[in-house]
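Enquirer: Chains V and U are the protein sequences, given in the same order.
Counting in this note's numbering, the first sequence runs from 5 upward without gaps.
Counting in this note's numbering, the second sequence runs from 487 upward without gaps.
Hints listed in this document are in silico derivations from the structure and should not be mistaken for laboratory results.
Zero decoy hints are in this set.
No farther apart than 20 Å at their CA atoms in a straight line, the calculated lysine to aspartate or glutamate pairs in the EDC-like style are these:
hint, chain 1, residue 1, chain 2, residue 2
1, U, K604, V, E51
2, U, K654, U, E607
3, U, K654, V, E51
4, U, K654, U, E600
5, U, K654, V, E15
6, U, K654, V, E18
7, U, K604, U, D589
8, U, K538, U, D503
9, U, K654, U, E562
10, U, K654, U, E614
11, U, K538, U, E507
12, U, K654, V, E25
13, U, K538, U, D638
14, U, K526, U, E507
15, U, K654, U, E626
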Amino acid sequence: MTEDQTLTCQELVELVTSYLEGGLSDVDRARFEEHVAACDGCTNYLEQMRTTIRLTGMLTPEELSDEASRDLLGAFRTWRA
Amino acid sequence: MLRIASLYTPSRAVAEDVVQETWLGVLQGLDRFEGRSSLKTWIFRILTNRAKTRGQRERRSIPFSSLADRETDPSEPAVDPSRFQSDDDRFPHGWASPPASWDEVPEERLLSTETLSKVEEAIAELPEMQRLVITLRDIEGWSSQEVCNFLDISETNQRVLLHRARSKVRRALEEYLASEEKAPA
Chain V
5 MTEDQTLTCQ
15 ELVELVTSYL
25 EGGLSDVDRA
35 RFEEHVAACD
45 GCTNYLEQMR
55 TTIRLTGMLT
65 PEELSDEASR
75 DLLGAFRTWR
85 A
Chain U
487 MLRIASLYTP
497 SRAVAEDVVQ
507 ETWLGVLQGL
517 DRFEGRSSLK
527 TWIFRILTNR
537 AKTRGQRERR
547 SIPFSSLADR
557 ETDPSEPAVD
567 PSRFQSDDDR
577 FPHGWASPPA
587 SWDEVPEERL
597 LSTETLSKVE
607 EAIAELPEMQ
617 RLVITLRDIE
627 GWSSQEVCNF
637 LDISETNQRV
647 LLHRARSKVR
657 RALEEYLASE
667 EKAPA
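Using the sequences provided together with the hints, build the complete structure.
Expert: Pasting the structure below:
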C-alpha cells in the first residue's frame, strides 16, 4: 500500500471490493475500518457501493420468452417419450 | 443462461436455441456427469461450448482469460482522480468533493424502475468481462469461486473485474441521483 501507515481516501476506494469480499489481511482491514470510522466521505462511499450492489441484485435474470419456454417444454416431452 | 449465450451469438433467437440445446445436452449427458465440477459449472460449460459453436462465424474465439488480462490492465481508477486533493493540498489524496450520503434519497426513488434501468444501462455499457463478472456475481448470485472456475480466470482478475464493474455502476448511479436532486420536484 503506502510507505507510511495511513490510508488515503484515494487508496481506500480501490480497496472497497477486496474489503467487501473479505480479501484484506487483518492489518489492512483494521486500517480500512479505522479510516472509514473517521471519514464521512469514505463512509458515504462505502455505503454507496453497498447500495449499488443491492440495486444490481434487484435486476431479475432475463426470462425466457414465451415462445422459447414452449419450445423447451416440447423438447422435454419428446425427450422423455 | 440466455444472457451468457447472447454474448456469443448474433441474435436473441440463436441464443434461445442455444439454451434449449443446452438443456437437451444436459439431459442426454447426465449419466456422463462425474461430479468433478459442480452441476452448475458443468451445465454452463455445455452452454458456452454450444454458444461458441453457434456463434463462431460471427463472433470471436478469444478465451476469457486473455480477455480478462486485457480488461484488468492498464490500471483504471474507481473514482475520477479530480475528486481528490492534490499533493500540494492540505490533505493530499483525501476527498476534494466527497460523495454524498444516499440516506436522504427516498427508498421508492432508489428502487424505482427508472433507477434500476440506469443500473442496467451502466452494466450494458461495461466491457465484456466486467459485464459477465458483475452479472454472474451480483445478479445471478454466484460465488467468486464459481465465477473463477467457470470463466477460468484467476481470483485476482475476478476481483479486479468486479471492482471496476461495480465502481462504474456506482458512478452512473451517483450521477443520476445527483441530477435528480437538482431537478424541480
